[in-house]
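Participant: If you read the protein sequences in the order shown, they are chains A and B. Remember, the working numbering sits 1291 above the position in the first sequence when you count from 1. Remember, the working numbering sits 27 above the position in the second sequence when you count from 1.
Don't read these hints as lab results, they were simulated from the structure. Note that this is a predicted model, so its numbers are computed, not measured. There's no promise every hint is true.
[What the hints assert, rightly or not] Beyond 12 Å from chain B on every Cβ pair, some chain A residues (computed):
hint, residue
1, ILE1445
2, THR1451
3, LEU1711
4, ALA1737
[To be verified] If you anchor each label on the Cβ, the simulated ranges turn out as follows:
hint, chain 1, residue 1, chain 2, residue 2, range
5, B, GLU104, A, GLY1563, 47 to 57 Å
6, A, LYS1776, B, MET73, 23 to 33 Å
7, A, GLU1725, B, ARG157, 42 to 52 Å
8, A, GLU1320, B, GLU81, 30 to 40 Å
9, B, GLU81, A, LYS1392, 48 to 58 Å
10, B, PRO100, A, ILE1333, 47 to 57 Å
11, B, GLY59, A, VAL1310, 16 to 26 Å
Glycine included, C-beta positions come from ideal geometry on N, C-alpha and C.
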Amino acid sequence: MARPVIPTTGDKARWTREVLEPTLRKSPERPGPFTTISGRAIDRLYTADDVAGIDTTRDIGNPGEFPYVRGIHPTGYRGKLWTMRQFAGFGTPEETNARYKELIAAGGTGLSVAFDLPTLMGRDPDHPLSLGEVGKCGVNITSLADMERLFEGISLADITTSMTINSPAPMIFAMYLVVAEKQGADWKKISGTIQNDILKEFIAQKEYIFPPRPSMRLITDIFGFCTREVPRWNTISVSGYHIREAGSTSLQELAFTLRDGLEYVQYGVDAGLKVDDFVPRISFFFNSHSDFFEEIAKFRAARKLWAEAMKTRFGATDPKSWQLRFHTQTAGVSLTAQQPYNNVVRTALQALAAVLGGTNSLHTNSLDEALALPTKEAVTIALRTQQVIAHESGVTNVVDPLGGSYFVEALTREMEQGTLKYWETIDRMGGMVEAIELGYPQKEIAEASYQFQQAVERKEKIIVGVNDFIQENEPPIEILYIDDKASEIQLARLEALKASRDNGAVRRTLDALKKTAAGSGNTMEPMLECVRAYCTVGEMCDALRDVWGEWEETPII
Amino acid sequence: MDRKIRVVIAKPGLDGHDRGAKVIARALRDAGMEVIYTGLRQTPEMIVGAALQEDADVIGLSILSGAHMHICPKVVELLKAQGLDDVLIVLGGIIPDQDLPKLHAMGITGVFIPGTPMQHIVDFIAANARVRSDA
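Make the full structure from the sequences, and use the hints.
Facilitator: This is the structure:
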């Protein structure tokens, strides 16, 4: 009996000559291009030749071991499934509170708060720029009173909450802490995440208020405060999601996000913190886009890059500092308004890529999100998609099932090497803050998004239902329509609040906040006092605007 | 010779998602139009001011946050007050079907949702913009 032949190095050249070339002469391949959605060229076959330089022990290792390519948990999803965390928020705090209670009842295991644009931009509902925006893209939170309504009947000691808030992160976090305090929950035990990632706002999503340097100080103030007072809180969720949505490639998402992470660690160290005291509470947030294997490679490379950078660049010795934990959201930008039911399939594939990449928590988008905020029915299908992957597909039985795949390992290495190259460029500029001030990542992303759009226009990239397989006269689907009731309610509440609270205390606490901001103390303490006095988000942000000014970008097309 | 079509692309409101606005700005420029991108967080007053100052033939609004039914009527009204009611307004973003009749009634017929081919937008503007003479 013939022994099985294990392909060895050098075999690819022979195969190309003896098998491939005669075949291509007879039946040529489709015209292609055979590239990822990011434009990366992909070979038709990967063999042992493509992973020849990889030392499996040193470069890949095993799950739960440095450099964590195969995951941070030795048991993968056998120990614990990822957290199914659905981002939600709209209208008044009461409406969102009701949606949270439904999500918890449907088996959701964590909350994730979406705020409206006025809250995200530190403006009260009565500001002229808030016109038409109150409660539209998320829930409106103006003061502590709204935060109390948002979590009414939900015990903060028993649930973890993720809050997507950046410039006003300290204000919103302070409100959460005061609600927890009023519920009798111990700050030392509560857990959750604030996004608190300002660098990607300057790079991509543009929800910034203050200039980069004071913005970085607010973040290191939170690092310092939480290390002492709220040790289980994830102080930052360094986000590639928005970088990708703004049009970056998969590699740019990986490289810029992790480089943002390095910048935060450096600023923390410069502020006098010890690496192993605050780095374990840094978490990440990635996009899972449509190119299946490129995304999986991105997640695997991310863990390795972070582990090695923490060890060698910053001398971290606690394995918790090396282990990159991340949340994933499927790609909103990949959803189409045309034939929206196809989005369920897109989301399922993207979610599967995130799971095969070892995500620690996951949000799946709803089928109607290219049209509006999702309906309750659409959100349920999105959650069910995760449950089908977790409980029916079988992929959770084994840790890192794609480990050792020639293709996946080769691609993982390519992502790693490409990232290191981007880091060199950014390091030469002096760091990420400097690179942002020069407009470097912004320019790279604008270029990539235009290239992609052109590829779609030329039909080099097919989007089903959009530039091919088009269907005329589609029946409309039912969507969630948010009226202006929330705006009226929140405006009336703001007026009532200003009439009923102790406005002397408001002035005193805001003055104290300004004084600290102008000096060098930790801003979290005076922020908590402002919140307890029912200062509004707009008032607290205005106080800091007075001291630090506002950031304005030069747009790059 | 006819002067180039002049387009002001604006991002009104608080939203910072500017990918669409920037891609369109570049596509219109590549199609031979003159494009002025206002940047983020523009009030209707600022947008109409820019259109006046730039002698624009077209205003392109990019709104993804759901605030379009507040912003569009204001822009239309302010343009009218300035005597600029011949300026073509086009709108891109997340716009529910049910808002279309009201937008059409305001005179906004070029409404483009995600997935619209860029060429389609270029053609719409080329066919509907009224280019002022240089005189």
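Participant: Report holds if the minimum CB distance from ALA1737/A to chain B is greater than 12 Å, and violated otherwise.
Facilitator: 6 Å, violated
Participant: Is the Cβ of ILE1445/A more than 12 Å away from each Cβ in chain B?
Facilitator: 26 Å, holds
Participant: Is 23 to 33 Å right for how far apart the beta carbons of LYS1776/A and MET73/B are?
Facilitator: Given a distance of about 28 Å, which is inside 23 to 33 Å, the answer is holds.
Participant: If you check the beta carbons of GLY59/B and VAL1310/A, does the distance land in 16 to 26 Å?
Facilitator: 50 Å, violated
Participant: Using the beta carbons of PRO100/B and ILE1333/A, state whether their distance is inside 47 to 57 Å or not.
Facilitator: 49 Å, holds
Participant: Check the following: the C-beta atoms of GLU81/B and LYS1392/A are separated by a distance inside 48 to 58 Å.
Facilitator: Holds, since GLU81/B and LYS1392/A (Cβ atoms, about 51 Å apart) stay within the stated range.
Participant: For the pair GLU1725/A and ARG157/B, does the Cβ-Cβ distance stay inside 42 to 52 Å?
Facilitator: Given a distance of about 46 Å, which is inside 42 to 52 Å, the answer is holds.
Participant: Any Cβ of chain B at or closer than 12 Å to LEU1711/A, or is the non-interface label fine?
Facilitator: Fine: 27 Å to the nearest Cβ keeps LEU1711/A off the interface.
Participant: Could you check the hint for me, namely that GLU1320/A and GLU81/B are 30 to 40 Å apart, CB to CB?
Facilitator: Violated: the Cβ-Cβ distance is about 50 Å, outside 30 to 40 Å.
Participant: Are all beta-carbon distances from THR1451/A to chain B longer than 12 Å?
Facilitator: 27 Å, holds
Participant: Take the C-beta atom of GLU104/B and the C-beta atom of GLY1563/A, compute their distance, and say whether it sits inside 47 to 57 Å.
Facilitator: Once the Cβ atoms are compared, 55 Å apart, the range 47 to 57 Å for GLY1563/A and GLU104/B holds.
This entry does not satisfy hints 4, 8, 11, going by the numbered hints stated previously.
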